[in-house]
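K.L.:
Residue numbers (this note's numbering), protein chains in the order written: chain A, 39 to 523; chain B, 39 to 523.
The list treats identical chains as interchangeable, and a pair is accepted whether it falls inside one copy or across any two copies.
Restricting the straight-line Cα-Cα distance to at most 30 Å, the calculated cross-link-like pairs of lysine-lysine (DSBU-like) are:
1) K119 <-> K140
2) K46 <-> K411
3) K376 <-> K99
4) K338 <-> K414
Note that these hints are calculated values from the structure, not bench results.
There are 2 protein chains.
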Amino acid sequence: MAEKQEKKVTPRSQDFAGWYNDVILRAELADYSPVRGCIVFRPDGFAIWEALRDELDRRIKRTGARNAYFPLFIPQSFIAKEAEHVEGFSPELAVVTHGGGKELEEPLIVRPTSETIINHMFAQWIHSHRDLPLMVNQWCNVVRWEMRTRMFLRTTEFLWQEGHTAHATQAEAEAETLLMLDVYRNFGEEILAIPLLWGRKSAAERFAGAVETYTVEGLMGDGRALQCGTSHFLGQNFARAFNIRYLDDNNELQFAWQTSWGVSTRLLGALVMVHGDDQGLRLPPRVAPIQAVIVPIWRKAEERDQVLGAARSCLAPLERAGIRAYLDAREGLTPGFKFNDWEMRGVPVRIEIGPRDVAAGSVIMARRDIASKEAKVTASIGDLPAATNRLLDEIQTNLLTQARAAMAAQTRSFDDYEALRRQMEGEGGGGLAEIHWCEDPVCETRIREETRATCRAIPLNQQGTRGPCIVCGREGGRAFFAKAY
Amino acid sequence: MAEKQEKKVTPRSQDFAGWYNDVILRAELADYSPVRGCIVFRPDGFAIWEALRDELDRRIKRTGARNAYFPLFIPQSFIAKEAEHVEGFSPELAVVTHGGGKELEEPLIVRPTSETIINHMFAQWIHSHRDLPLMVNQWCNVVRWEMRTRMFLRTTEFLWQEGHTAHATQAEAEAETLLMLDVYRNFGEEILAIPLLWGRKSAAERFAGAVETYTVEGLMGDGRALQCGTSHFLGQNFARAFNIRYLDDNNELQFAWQTSWGVSTRLLGALVMVHGDDQGLRLPPRVAPIQAVIVPIWRKAEERDQVLGAARSCLAPLERAGIRAYLDAREGLTPGFKFNDWEMRGVPVRIEIGPRDVAAGSVIMARRDIASKEAKVTASIGDLPAATNRLLDEIQTNLLTQARAAMAAQTRSFDDYEALRRQMEGEGGGGLAEIHWCEDPVCETRIREETRATCRAIPLNQQGTRGPCIVCGREGGRAFFAKAY
Chain A
39 MAEKQEKKVT PRSQDFAGWY NDVILRAELA DYSPVRGCIV FRPDGFAIWE ALRDELDRRI
99 KRTGARNAYF PLFIPQSFIA KEAEHVEGFS PELAVVTHGG GKELEEPLIV RPTSETIINH
159 MFAQWIHSHR DLPLMVNQWC NVVRWEMRTR MFLRTTEFLW QEGHTAHATQ AEAEAETLLM
219 LDVYRNFGEE ILAIPLLWGR KSAAERFAGA VETYTVEGLM GDGRALQCGT SHFLGQNFAR
279 AFNIRYLDDN NELQFAWQTS WGVSTRLLGA LVMVHGDDQG LRLPPRVAPI QAVIVPIWRK
339 AEERDQVLGA ARSCLAPLER AGIRAYLDAR EGLTPGFKFN DWEMRGVPVR IEIGPRDVAA
399 GSVIMARRDI ASKEAKVTAS IGDLPAATNR LLDEIQTNLL TQARAAMAAQ TRSFDDYEAL
459 RRQMEGEGGG GLAEIHWCED PVCETRIREE TRATCRAIPL NQQGTRGPCI VCGREGGRAF
519 FAKAY
Chain B
39 MAEKQEKKVT PRSQDFAGWY NDVILRAELA DYSPVRGCIV FRPDGFAIWE ALRDELDRRI
99 KRTGARNAYF PLFIPQSFIA KEAEHVEGFS PELAVVTHGG GKELEEPLIV RPTSETIINH
159 MFAQWIHSHR DLPLMVNQWC NVVRWEMRTR MFLRTTEFLW QEGHTAHATQ AEAEAETLLM
219 LDVYRNFGEE ILAIPLLWGR KSAAERFAGA VETYTVEGLM GDGRALQCGT SHFLGQNFAR
279 AFNIRYLDDN NELQFAWQTS WGVSTRLLGA LVMVHGDDQG LRLPPRVAPI QAVIVPIWRK
339 AEERDQVLGA ARSCLAPLER AGIRAYLDAR EGLTPGFKFN DWEMRGVPVR IEIGPRDVAA
399 GSVIMARRDI ASKEAKVTAS IGDLPAATNR LLDEIQTNLL TQARAAMAAQ TRSFDDYEAL
459 RRQMEGEGGG GLAEIHWCED PVCETRIREE TRATCRAIPL NQQGTRGPCI VCGREGGRAF
519 FAKAY
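Work out the full structure: start from the sequences and follow the hints.
P.N.:
Okay, here's the thing in structure tokens:
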């Protein structure tokens, strides 16, 4: 282990993509697998996913949706039932052609998303307006055949939640779409400490089969945007394709109005890219598997028992206070090695305890969110749980503040197309560009082809913000463009 | 909904399999899907799975295992690396041959279990004795192509957890195997209220690739056994196949010793078949999504507000006491209809409240585990949370007591082969048969072919229990045989 640590990670400023992979491997979040495009979620990475999943699950259930589970396989004919849906997903499907030693009569698709099979079931369950709204969510794996993969961000198999709802009216379905967008945005800010831009997608970036797609977008440390969650208003497209109809108050058959919405394990990539630094991960306390690590420090053998004993007596009160704490009692490793190791893993609070601290009845607390050594504070052992909880709250808030400042510094308004193009030149990001755009796909395509920036979000509130399109000069509303993952 | 309820479920005593399907569909635990052999877990069924999964997950983590996630797909060549493993699983594999519109160079198997891919990764991660023990668990979907399927018990896709561990010594791996068997048994009894027989499997019933398989077996209401969980001692079979070696204290390379263990969504089937009756499900409180349902009762419109108000004022104190409570305020349905509906869904406690109860400041509590109407008790509204918690504890205990009695009544010792055969004749079960068996596969095969009973478990404690094999008369130990799902 000591050897591994000696090899430094690629500096973030030098090679962001190299740094990203180094941190994920070194912090043991994930590993490459022998299956093309698939990764292994190692325990330290999966524990972050579990923490964020459990919190988001509570928030989803609070909206009235209930969890269910639908088959992994989808009959090939189902995918074809919604015209835009099949066109969007066909190039990335994995197909099962053989089962139990025989060739199948109809090939099965490994789900890339579950609108088709879920809506087939909705058609069996929905008969009357009393069956509405019907709101289900599932946590599952999905498969999309990807040519160029990147850990967490774009993998052939990934984990996600997908919510699917059916409503009696258009207004109700639209409200549900926006409610879930709001759930994702609050979750991102409060739990992941990631500020999120939100709005609707342009027609070109819409989900295949949706009437309108809404998005929350994060800005990564290299100035590129990352789509962090989407919420789709499906109108009656799938209801018509799968014949989901209900008897209304007047005993007339009506097609249901629908939504779907999801976030995935790419959020783990966002955590790395928004908060990480050259020393490794920096985890928001709310999702950190270990929130506080105790590192005992001794030189002479006679100090060992005393220091370890004091360190142990700190652990139980922390755990009783609901803090996920860990005592690093490993032998044969220097304190400096341990400091680096836990910094790499992103643990928010480090508690150092040496012979002098034991004598003084105190410990030293170092915070991962502030690099400066002056940020260390002393706490009395008796006050440790309360002091740790206060510090964890501060760190959670501060990481969001830092990320907001970084996002603001990387957000620029442009009314000159050449200036936009110069900003987007070069290898890395380019930040978020706020422009006026007429919403004509021709102008969008020109921007994409010439600057590699795509439309990330069109803000919902457009009052008093119209201006000449940055490409063609016709009047348009505000929109955010950026190079994106 | 009123119409649905009028059609009674098939009586359990008349047609156990028909009753089983009727209850699952009527209680809305699951539904058939358009994909051969796959089912849909509806919210009421999935909520039971979530409750038992979360509790078992806590128990697994307490043993030191950590959750991780490995790819859904396994390269075909991996499955072939362990000779017995490939032979056991080959007939039931689902194969992906096309991805992203192209034929794959090497087909991918949809995991039927993950020993091969996990052990491939273990070989990358294990180098020294300091890397051991390595203990991971994953909750995931697996696929085994089944010709004859039955909801929850045998489906092409199912959900499960699979634990995989590697240890430095044989003794440690064997202890882990038995520890997990114990975790499953205690979990089954304490949480599912299902008494479990435990022991090792015969060679014929062993997991493909294991040195020894241990099992916990439940006895269903029709006298058939159901394997409810298994724990495998893998020896060094997979370590040799995947080259999992570590440097020991003497700096010599040694193969690791391994285990794997799992339980699946078939436990939902066990809950139905052990506890259910002609009125429907009877759920143990520890896994019941709704533990107590409040049914308000009124005849005249002027009673309605008063009764509903009192019912509402009962709900919040129950929830504050940590009870999963629900108020059935549906209009246009009779109390009798609601009673039947909640009995079908297996809710442990029903709280009835009518005008006279409101006047008396009390409610009537009915328990689902005892059919007799005399089992109803009165509770004062002020004492309702405490009374409900007491009743839930009683019901949890009583369901286990009832299931134990049913299992004991269906367990018989045989020392005469013809008597065993007569007992196993007929369509249904036949109960658990305790016999002496020499462990010769020839005798086992004869029993299976002539009685359809298979060896369910060989008890671990065999002291002083040897006797003549029921088939051949040679001396052997005790073993339990039964017809099984």
